[in-house]
Amino acid sequence: MTAALRFDPIRLPEKCEQLRKEVRAFLAEEAARGTFDASKPNREDTDVPEFCRRVGERGWIGMTWPKKYGGQERSFLERYVVTEEMRVANAPTRRFFVADRQSGPVLLKYAPEHIKMDILPRICKGEVCFAIGMSEPNSGSDLFAAKTRATKTDGGYLINGTKIWTSSAHIADYMIAIFRTSPPTKENRRHGLTQFLVKMKEPGIKVNPIGQITGQYEFNEVVFTDHFIPDDHVLGEVDGAWKQATSELAYERSGPERFLETYYVLTELVRAVGPNPDTRSAEGIGRLVAQLHTMRRMSVSVAGMLQAGKEPVVEASIVKDIGTVWEQQLPHRVRDLAAFVDETATNRETLQRQLDFAIKTAPKLTIQGGTTEVLRGIIARGLGLR
Amino acid sequence: MAESDNIVVETAEKIFADLADPQTINNDKKGAWQAPLWQALSEAGLPLSWVADDLGGSGASLADGFALLNAAGRFAVAVPLAETMLAGWLLAQGKIASPQGEMTVLPANPRDRITRDADGALSGSCRGVPFAKAAKHFAVLAHGNDGVSIALVDAGKARIEAGLNVGYDHSDSVTLDKVQPVTIKPAPDGVSQATLMLMGGVARSLQIAGALESMLDISVRYSNERVAFEKKISKFQAVQHNLARLAGESAAALAAATSAADAIANAKSFDDEIYLEAASAKIRCAEAAEKGGGIAHQVHGAIGFTMEHILHRYSLRALAWRDDFGSESYWAVELGKLVASRGADELWPLVASR
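If you're matching them up, the sequences are chains A and B in order.
Positions 1 to 386 (UniProt numbering) are the ones given, in order, by the first sequence.
Positions 1 to 354 (UniProt numbering) are the ones given, in order, by the second sequence.
Okay, derived cross-link-like pairs now, DSS-like style, lysine-lysine, Cα gap no bigger than 25 Å in a straight line:
(1) B:95 <-> B:185
(2) A:109 <-> A:199
(3) B:268 <-> A:21
(4) B:235 <-> A:243
(5) B:235 <-> A:186
(6) A:243 <-> A:152
(7) B:136 <-> B:29
(8) A:15 <-> A:67
(9) A:15 <-> B:268
(10) B:30 <-> B:136
(11) B:133 <-> B:178
(12) A:68 <-> A:116
The hints are simulated quantities; they were obtained by calculation from the structure and are not laboratory data.
No experiment lies behind these values; they were computed from the predicted model shown.
Could you build all of it, start to finish, from the sequences and the hints given here?
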């Protein structure tokens, strides 16, 4: 039973290191151009369409997808390198990242050919933005409770109801959403949900921004009123979305984005502490680096499993559980260690600004993309407890 | 138990399963189980895995030896297998042939030091030396005016003060007072006290990870047997979440330890990247021993706190192994200093180096 929990020590192949150099050079160029400032994670201008197009030109979106859809047929490990370098640099990837990580793979698996040929190449060029419509008011992580209805009509479906906590819906061109096509059955609570491709800039959709405690406007409420979706926008099996939604989660749950969201405060702490730390600072930094290194090894290992065609659902859940708890604690540990940093350290002000923002960010990290409690339920199932 | 795919581990697992069943060991208060186990391991050539044929060993690869230590951790065996392997490895670095029988290494603590006089005699005190009392020979790393040496020492020439660690295994104080070694050779470039501590630390990390794997196994099994409040306790969400966390700690320990072992097995020298791997493994595995062991005991309730239950064989050893070859606090300070000295902008390149 625990044999399933092995994390083999995958090493990134040499061609990844070449790619890493290219990504670093590109990001340095973009930073110099003023596209973004790595020291300002809370910048206001997070939506940078031109940057996305330039990333697309390099072939770094949809990297693992077939060439006929605009992809590069490169490995998950190469994609891994691009993702972690972008994240560590605080690059503004929000516009394309959801499509790259999740929506594209769903379309590849379930969309009809003409839709794949239309949308996937545009994702690869960095031209389209996706949102994911899962949560609803009063349902949240409990997908079975989703109520937003898709009612069959001539040539398609009419959508009525509300999705919530939908990241990027205000800038998205498309959403992949789960709607209720029939009621759940007594035998199967999971029955009756269907996955749809939604065009966001069409009648019958209203997007209302929701302010976050960080001061940002990232997620939204999305209200559907008799919104029409044509039949060919059904993704996969009618009433059978549950299985589809869960198998895609390994992609969402194990990547470097699941432990690097507050990483910048650690770099800045090392900068503030300087080359000759006292024992307390040295120990604190050493522990944090050991924990970071361990999670990255686990995450790279899961990327290797994905590359090998496996579906490491439990392993991915473990990485996300440990990773998000860690990135949530990180700003607090750094604050703790920074208490004795010399007030004249040249980056003291930057560190403080970053800490203030990271501490406000921290509470969401164990909620987004599957709460800790849901993840631990999945792990427990993998252990044979449920 | 994990499937083994190499002959060294398969051999060892068979021996452990036959002769180191934890319940048998637990019931044998006089320790009579140790002799047949050690004999079987020796006959299979396992204690000298890391010693080449021409120096008296069985010449297994570093990778196979590390996998063997992980298996030993899964059985929480308390014979000087890891110690003899490390001693054989150290002697081999100095091209010194290994004798038969139990060995251990000096020092086993990064702050202790053995010095070598101009006439080659060794002096110094070492605390917390695992199985010193049981060892026939010591492999010693010594500092002289002209650099580092590796020596084989007859244990009979040392003053040994017996002690026990929290896992009830021998952890002794050893004093050498102008002891003439059996053999002494200069250490090759790159072999230092830090190298020995990192090797020992990775060995202990693999053992801790193995013990955690077994703690997870027996805790899951117990939660599926024990009924409380008219339900199997595995059906309580709080218990499930605790076991999920234990699985996470066990997985993290195994990932860190096997990654470090793999890095060393494929490295040309102990550079900064190997240092990061090995120090991280010791730090993270020690943290996992604390958190994971705590959960395993919580799941077992009072029964797991008794001498008659096997849980303590794993939990107490995992806790004790934290202290050998540098505790997690020690390595955290050292790793923190390394990171700070390289500077903030070099942190990510170091972490992402492989």
